[in-house]
Amino acid sequence: MIKNKVLIVDDQHWVKLMLKEALATSGFEAYMASNFMEAMEIVKTQQPEIVIIDVNLPDVDGLELMSILKRIKPDIKAILISGSSNAAITQRAITEGALKYFVKPFDIFDLVAYLIEISSIDAVSKGEV
Amino acid sequence: MANGRWQSEEEGEKMIGDYHKYFTKSSYPLKQDLPLYVREGGHKVVIQYQGQQEKVFEYNVNFSIIEDDQGHVGYLVSFEDVENLKEAEMNKMQLESLVAEKEIAASYAHELKNPLFSIRGFLQIIKQSFSDDDKRKEYAEIAINELDRMNNLLNDYLSRFRAQSEYVNKRQIGVSVKNVVEELITFFRHSLELKGISYEIEFVENDLVVFIGKEQLMQVLINIVQNSIEAMDKGARLSIKAFREDSWVCIEIKDEGVGIKKSDLDKIFNPFFSTKESGTGLGLYITKRIVENNGGSISVKSEEGKGTTTYLKFPRQI
Numbered sequence: 001m002i003k004n005k006v007l008i009v010d011d012q013h014w015v016k017l018m019l020k021e022a023l024a025t026s027g028f029e030a031y032m033a034s035n036f037m038e039a040m041e042i043v044k045t046q047q048p049e050i051v052i053i054d055v056n057l058p059d060v061d062g063l064e065l066m067s068i069l070k071r072i073k074p075d076i077k078a079i080l081i082s083g084s085s086n087a088a089i090t091q092r093a094i095t096e097g098a099l100k101y102f103v104k105p106f107d108i109f110d111l112v113a114y115l116i117e118i119s120s121i122d123a124v125s126k127g128e129v
Numbered sequence: 001m002a003n004g005r006w007q008s009e010e011e012g013e014k015m016i017g018d019y020h021k022y023f024t025k026s027s028y029p030l031k032q033d034l035p036l037y038v039r040e041g042g043h044k045v046v047i048q049y050q051g052q053q054e055k056v057f058e059y060n061v062n063f064s065i066i067e068d069d070q071g072h073v074g075y076l077v078s079f080e081d082v083e084n085l086k087e088a089e090m091n092k093m094q095l096e097s098l099v100a101e102k103e104i105a106a107s108y109a110h111e112l113k114n115p116l117f118s119i120r121g122f123l124q125i126i127k128q129s130f131s132d133d134d135k136r137k138e139y140a141e142i143a144i145n146e147l148d149r150m151n152n153l154l155n156d157y158l159s160r161f162r163a164q165s166e167y168v169n170k171r172q173i174g175v176s177v178k179n180v181v182e183e184l185i186t187f188f189r190h191s192l193e194l195k196g197i198s199y200e201i202e203f204v205e206n207d208l209v210v211f212i213g214k215e216q217l218m219q220v221l222i223n224i225v226q227n228s229i230e231a232m233d234k235g236a237r238l239s240i241k242a243f244r245e246d247s248w249v250c251i252e253i254k255d256e257g258v259g260i261k262k263s264d265l266d267k268i269f270n271p272f273f274s275t276k277e278s279g280t281g282l283g284l285y286i287t288k289r290i291v292e293n294n295g296g297s298i299s300v301k302s303e304e305g306k307g308t309t310t311y312l313k314f315p316r317q318i
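These protein sequence lines map, in sequence, to chains U and W.
The first sequence lines up with residues 1 to 129 when you count with our numbering.
The second sequence lines up with residues 1 to 318 when you count with our numbering.
Keep in mind the hints are simulated off the structure, nothing from the lab.
Among the clues, some could well be false.
Capping the alpha-carbon separation at 30 Å, the derived lysine-lysine pairs in BS3-like fashion look like this [what the hints assert, rightly or not]: (1) W:301 <-> U:70; (2) W:301 <-> U:73; (3) U:73 <-> U:5; (4) W:254 <-> U:70.
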């Protein structure tokens, strides 16, 4: 079965692992990156359809990373996550092309449901969730 | 500060006497449009003076030699009240640590969001693995609800903090970048001249406006330019440029200073990180928070031995 590839970019080890686990149990193939270089590498080699980016990364601004990844893979679908609900940053994220902005801590199955909604491959069986 | 001038060379020589060796060999132009040059005294003299009251007054004294193409034309002696200087320094530090205290508390609260999120997520995954009649499913549900309660408390705290800064923001009307930068240069003119650093300001458009408190923008720019000045030696140049880019107003501050080590570059915005002996390590941290609280962003590019460029971006509209 072809699975949808999702890249998670977050420098928080357990956040990343938890998201990976949640996505894997819902039929996604999840990849993890902690910083700019790792994210670039995975986008180039794995060509994920969706990327989930934490706004506060150690070496790059999450919004900046999103626009760089969009240049490499223009059809990549980006979702931003953050610990802060700053209205100005949310607005900026949406203007610059993020599909959605989730504020931590959020319901992970809300995220999974949204990923299924925007996935191109229906093979992610909606019954599994 | 008081300035005294000696127009007669003889009088000046008498004043300076054997101290010639303390003056720099090279000189720099006093003003771009005047053929006058300054050689600075390489030392500071502290003089103490007992006034009519019991109090002892302390001054820093700086001698400079002013020359034209023919030689000495005069001397510049400046007195700096040490007490005023100390007081101003103290006030600045107190204010900075007060602001920092609040900002740090808020950033700790923010940092809690990550572990809260991973715990909540794992609990959701665990909860899902139990059947409906399993007591443990209910326990996981309770734990999730309790976590949400913690998160609400945290949000209450953060929104109180935010309400204070938004109150400041709400009163804002646009502030002219040009006016603030000109004020900034006035603020630093003396230290720029003292260090022999030239500067260049470029406004691509004159009417650039950003929506941030004037004092806040000033604080941001002071923190950045202060670092630049400290990093630069005589003859180096500081350039400040403001321009529009899409929906942003950008301010670029470029120095020809010592630069930042590559390994330090991703740490400069961390709280308590400083390469300066007397630095609190909070200057750039607070700078970043102020910029981001106003919907902007800050980034730094640097090359060791060449210099550092800081980029500020603010939304054109709010």
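Report task. Check each numbered hint from earlier against the structure, then list the numbers of those it violates in ascending order. Result -> Structure breaks no hint.
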